[in-house]
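J.: Protein chains in written order, with the numbering used here: chain A, 48 to 238; chain B, 13 to 308.
Worth flagging that the hints you see were computed from the coordinates, not collected in a lab.
Hints may contain errors.
[Stated by the list, open to error] In silico DSBU-like cross-links for lysine-lysine, where the CA-CA straight-line distance does not exceed 30 Å: (1) 220(A) with 85(B); (2) 176(B) with 78(A); (3) 50(B) with 84(B); (4) 170(A) with 262(B).
[Stated by the list, open to error] Below, a sample of chain B positions facing chain A; criterion: calculated Cβ distance under 7 Å: (5) 20; (6) 62; (7) 63; (8) 72; (9) 169.
Even for Gly, the Cβ is constructed at its ideal location relative to N, Cα and C.
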Amino acid sequence: MAAKTYNIPELDKKLADRRYHLSDSNPDFTKDVLKTSRTIANMCFQCGTCTGSCPSAPRSSYRIRLFMRRCVLGLENESLTDPDLWLCTTCYSCTDRCPRDIAPTDVIMAMRNLAFKRDIIPKNFLQTVQAIYKSGHGVPNNDVNRAARTKLGLDADPPTTHSYPEYIMGIQKILDHFGLKENADRILKGD
Amino acid sequence: MHEYAFFLGCIAPNRYPGCEASAIKTSEKVGIKLLPLKGASCCPAPGAFGSIDLNVWYAMAARNLVLAEEMKKDIALICNGCYKSIWEVNHILKHNDELRDQVNEVLAEIDMQFKGSIDVFHLAELYYNEEICGLQKIRDSVTTPLSGAKIACHYGCHLMKPQKERHFGDTENPMWFEELVSAIGAEPVQYRNKMQCCGAGGGVRGYDIVHSLDITNEKLINMREAGADAITELCPFCQLQFDRGQIEIKEKFGDVYNIPVLHFNELLGLAQGMSPQDLALDLHGINCTPFLKKVL
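Just chain B, with the same shape it has in the complex (with noise of 0.2 Å):
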């Protein structure tokens, strides 16, 4: 077993607690254990905290790196927003020295020190990675493989992008999401522009909700244009803008898609035999009952 403390962020687990679930269970069945990281908050939100006051964000997310140094375990999470932070901050801190004191000065007042001593993974990373889990284990852990389903995985931005200071390597039109997707019986399906925002980041959709939910009709149109029956994505606030998003699309814009919106995790748990009960995918904007249907 490989173990991780387990990042949960705001989303994942005070709006879509099937994402925290199923991230929890599926896991396990792959050699990987999630333990409760204590006393975490949120990430900060990169697009708020890091607009206000970068330095607030770094300190912020600091103290959630050295709960899980003081756990002397590496983090797993679930979303790109909190990759965008938790890893982030990591990393420009093990290598800025100037930062990292003014960093350290601030946390000695909560009895606080960052070390640099872990490293921060998205789950997805994890799944992908031949040396802790790779495609093979995910294909070996699917009961009900789901055959037929047309998925259109949206990446989002803030895991592989900057790519330069990631190490996932192509933005432009990367495969792996793709390849897990497959692992589990579904077919991904390419569609226009798949590399594009979901609109919410950067603190758009609380300022600017109508311009923020143009940017992810767009994405919309060009998903339905590619047959898909699903959107899948490994970020808690992307699924946020997809499922509630077409909620106020139709509300707004008058256009209807229906289209589920399930992160990876949610996914892969229908596909090891968890129930749409055990995902609280009632919880959902959109329903999935007639995506269930076809695919289960």
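With the rest of the complex left out, here is chain A (with noise of 0.2 Å):
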């Protein structure tokens, strides 16, 4: 079967070659994945019944179950640079049917933290925090909205940050507490 490829040389080689390499593994990421996802995810045993339930899977190379013996094996280069980390859309499904009770949907969003501390992140996921930061909203309103919403008379902006900026600030506050909104422009302006 052919295998897909990225077209990126360094992780093709990785992805073609199926053996396990010492020099790989990483144990302190399997403990950082543990404590982030809050999630038992060293009790897999590889059932497969994740990917089993996986919308993303059928049309994709984006295989649950590979994350889940990636993080057990330490293996945090192979999972961090990989771009199906992004194709979860956290639905749940694999949560609900684990036999053994792990959520592995939480150790996808574990994973994408721990990437996102190496810069690894698409673009989409900043740009919602550029308009949070500057309007409170990740989509925020606009003119043919205003003008629909005054029709049903509701008032032109909805009572939330759009009619009391003065919230702003202190989301503001939170969000350069954890330096993200300097940490978006910095990443989207090196793309």
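Using the hints, put the two standalone chains together into the complex.
T.: Right, here's the structure in full:
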């Protein structure tokens, strides 16, 4: 069976090599994922119920079971640099069906958090951060919608940060506490 | 009257204002008063923010929760994504002292403190709850039963899943949403793989739109096979994915469905006699007129 290629020679070579190299393993990665995900990922026995339940699996090379294995084996680079990491819709079907009561969805979320610490993150995630920093909303209001709201008897802007912009400063302080806006701007600029 | 702080989120007020208007009007007819939650923000989007840094997600959601705590009101909301952020962060912080202390350290910078003094509900679960509203009250509020309308119910993901942390029971083949739809006189249809995701969540819609729409397309095929006249859901983001998604699917894959997509509140509004103009149905991507002609 032909393997999917990402046109990233190093990654393609890695994926073609099915052997487990101890030198690729970082035991701290497993610990970090367990801590952030707050689920017992180390209990996975690779039954594949997760992949069988996954709506992304039939239409891509994304395999949640593979990420579970990588987690247990501490394969940090392989996990965080695989573009498939971002194809989970977080529907939690795998979590509901896991016979070991693990939440594979939360393992993916933890890995994405760890990827972000290495500046690996799709643009659209960061654009949401910028929108919220500016207006408090990930999907802000617009003029067409304002007109429609008025016709419905609603205020043109909802009673959120849109009508009370004085609350935006608090949101900015929270995001700045984590340096999130700064990181988002920096990563987007680098692209 | 049961009073709640109405958490709006983003897509309902800023893309489908009919969802917001109908929620306020329909709930009032069954004894639920939704009060504005001043200064609320994005929940924040669980897919985007949860993926970037869960600690930011906790703190941002906690800020919204504190606004309602200050009002001394429980929160009602109409979006599954918001439910994931607001309900789940409330639940986690109530039960995890270490995390709550961490979050409160951040909130102290803006003179706020999470106390854990309120609860969070989806408006649909309040409608279904006999102690608050219940099916009979919904039935009694209907003036224009949507008889003859075949409706496909889309539950969405983040309201009921993960099952172990929620309280909605079975997530393989639940029927409570269908009961709500029956209560307004419409006929819910069963379709293959009913509980499948709409495809929008987890940041996938923004990351890989074709992949995301392919999931939506599969659901639409199954809904059409069941003869659905319209789709109803409990989440404006699912609504956007099915509604605007059908236009994108037509462009990208050439498949045409023209199945209108209405939030349950909009459907309930129609059954309670609200006009299509009161619901801003003209903002929907898929024309609702043929469906309206059939049911009204």
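J.: Taking the hints in turn, state whether each one holds.
T.: These are the hints, each one checked on the structure:
1. 220(A) with 85(B): Holds: residue 220(A) and residue 85(B) sit about 25 Å apart, inside 30 Å.
2. 176(B) with 78(A): holds (23 Å)
3. 50(B) with 84(B): holds (13 Å)
4. 170(A) with 262(B): holds (26 Å)
5. 20: holds (5 Å)
6. 62: Residue 62(B) check passes; min Cβ-Cβ to chain A is 5 Å, inside 7 Å.
7. 63: holds (4 Å)
8. 72: Check passed: Cβ of residue 72(B) comes within 6 Å of chain A, closer than 7 Å.
9. 169: holds (4 Å)
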